[in-house]
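Residues per chain, in single letters:
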Amino acid sequence: MRVVIAEDHALLRDGLTRLLEAFDFEVVATVDDGPSLLPTLLEQKPDVAVVDVRLPPTFTDEGLQAAIAARTRVPGMPILVLSQHVEPLYARELLGDSVGGVGYLLKDRVSNVGQFIDAVHQVAGGGTVMDPEVVARLLERSRPLDVLTVREREVLAEMAAGRSNAAIAAKLFVTEKAVSKHINNIFTKLGLPPSDDDNRRVLAVLAYLNA
Amino acid sequence: METRDWMRDGLRAVAGGALAIALSLTNVVLFLLFVLALIMTPVLGLGLVLLPLVTSLVRLRAEAGRGVAGWWGVPVARPYRPRPPTIGFLGWRAYRWIITDPATWRDFAWLIPGAIVGLGLGLGSLLIPLYGLQGVVLLPLWIWLGTGWYGYGVIWPIESVSEGFLSLPQGALFLAIGLAVAPYLRRFDAQFARLFLAPTRNAELRLRVTELTVIRADTVDAQAAELRRIERDLHDGAQARLVALGMTIGLAEEMVERDPATARRLLAEAREASSTALVELRHLVRGIHPPVLAERGLDGAVRALALHLRIPTSVDSDVTERLDTPVESAAYFAIAEALANVTVHSGATFAYVSIKRDDSHLLLEVGDDGHGGADPSRGTGLRGIQRRLAAFDGTMTLSSPPGGPTIVTMELPCALSSPRTTLSSGTD
Chain B
1 MRVVIAEDHA LLRDGLTRLL EAFDFEVVAT VDDGPSLLPT LLEQKPDVAV
51 VDVRLPPTFT DEGLQAAIAA RTRVPGMPIL VLSQHVEPLY ARELLGDSVG
101 GVGYLLKDRV SNVGQFIDAV HQVAGGGTVM DPEVVARLLE RSRPLDVLTV
151 REREVLAEMA AGRSNAAIAA KLFVTEKAVS KHINNIFTKL GLPPSDDDNR
201 RVLAVLAYLN A
Chain Y
1 METRDWMRDG LRAVAGGALA IALSLTNVVL FLLFVLALIM TPVLGLGLVL
51 LPLVTSLVRL RAEAGRGVAG WWGVPVARPY RPRPPTIGFL GWRAYRWIIT
101 DPATWRDFAW LIPGAIVGLG LGLGSLLIPL YGLQGVVLLP LWIWLGTGWY
151 GYGVIWPIES VSEGFLSLPQ GALFLAIGLA VAPYLRRFDA QFARLFLAPT
201 RNAELRLRVT ELTVIRADTV DAQAAELRRI ERDLHDGAQA RLVALGMTIG
251 LAEEMVERDP ATARRLLAEA REASSTALVE LRHLVRGIHP PVLAERGLDG
301 AVRALALHLR IPTSVDSDVT ERLDTPVESA AYFAIAEALA NVTVHSGATF
351 AYVSIKRDDS HLLLEVGDDG HGGADPSRGT GLRGIQRRLA AFDGTMTLSS
401 PPGGPTIVTM ELPCALSSPR TTLSSGTD
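Residue numbers (UniProt numbering), protein chains in the order written: chain B, 1 to 211; chain Y, 1 to 428.
Keep in mind that the hints were calculated from the coordinates and are not lab data. Bear in mind the structure is a predicted one, so any value in this text is a computation, not a measurement. Take every hint as true, because none was put in to throw you off.
Pairwise CB distance ranges (calculated): (1) B:L106 x Y:E272: 19 to 29 Å; (2) Y:V256 x B:G126: 30 to 40 Å; (3) B:Q65 x Y:T41: 55 to 65 Å; (4) Y:T395 x B:Q65: 39 to 49 Å; (5) B:D97 x Y:A268: 43 to 53 Å; (6) B:G126 x Y:A304: 51 to 61 Å; (7) B:S164 x Y:V344: 55 to 65 Å; (8) B:S164 x Y:A304: 51 to 61 Å; (9) B:P35 x Y:H308: 34 to 44 Å; (10) B:G191 x Y:H283: 49 to 59 Å.
For glycine and all other residues, C-beta sits at the position ideal for the given N, C-alpha and C.
Turn these sequences into a full structure, and let the hints guide you.
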């Protein structure tokens, strides 16, 4: 699987490269500043990109901007955004096109290597992975989601974190059938029209983020 | 006072008197021009052009008067309101800005009295020594030219050479009196100018407010920049290192079964990285508020700083008691910046720091034996010191002639954080 890495800190760039290569990813390009990121993404068309939010020259949110721009040109280009702090606002901007294939994680998550590699795979496969921190911060104030039951909100939070039905079932100690029933209820209550299941999952997460 | 100092002062004052006479004449011209400009205002609005021109000349003249008063130990501050940035040099708005500034009218009121006093005192300080000089050279001239003056001093007329000789001591006396009195006349002239040219209490307060506004903006800017720097340092330094550390440990965890040798190497790497992160954090903390400053105060912190420098640095301090924390911090960073400049730019082999205080001020001096030529307008270091100190109404002056030595003198108002207590040891 072909990966592009954008990270300005040499130590982290090398670490990420080493980590991904250890799990049979092919790192086709590494980028250390904002302006060269977008052209590289468009030229390499990687299977997934791992992008730091803050890059030179302005050290603000070049990485995020480049990721959004790349996904406007190539809808659904899988991008996993890493950051040292998470902002629900940024998560919403990333998910704004409701296509999926995005992730937004704290850099700390990298140290749980297995989960991190899972997340990269899920994003590459068109899934949505939100950091538990983003989810937690949203749970603190989710008003329009009051229509959902407590259990449904738990399921939605797990969905936002990028878990499959099977994984959610295992985590919440219920059957997979119960999970899919909850998910259907969520879709109905949030008024999401029937369509391809993956896309609806993204929309549900987006509704969650917009709440 | 030594005779030479006394004579030099006297001669300087006599020259000052001559200058005062010349300047007094310009006062009269400026007065007439100013009146003309005022009268011309209704005539085709000519005053709108003339008045700003004449006023800038008057202000030039008044500034010269302030400068001269400063020479004689009577500092006179500039009283004018700052020109609002939106108005041009000429035209109605400039006109209004000028005529509504009371300082304009005080300048105007000074022109004629200033001319009269300047002329009178100037003639006084010039003519007395000149008359004395005439007495000293009278006899030789008289003999050389063969024609006589009618009389000198108390002897009228002079009828013989022996009477002529008497003009010598008299002349010397007049010369001495003239030279002795001239500096006093100059000082009196300066005092008189100050009556008109100094800012009124009101103007002084207004100027102070303007100054404080600038200082406040600078301070806020500096603080914001400082916070941003700390955030950047943390983000790119310790935080990034901890992430990398976690990553390395995570990878090692994955490897421990499959490839124990690599896992062990990764763990060693991780340990290394954790100590690097700690070093970076320590540096950062030192840049925010050095622990030794918190523990030992200014004296101890500066001594600790001096030990770290590449060139030998002596610290002479009589401030062992604790100062207010903000003052202490400002003083420490000002000294640190000055010493950093010494090690980087001066080429010095030796530096010294002196920390003293009087009742209300902390007096800092940092000097070196380097090649001098430091310029505060270049480089941000010295300007940074100025800004840091300005927040406390402190000042920095720099003396750095080419060839050295460079001396940075800093002064900032301070109060002890606790009242000074009498020490039982009796040392102070």
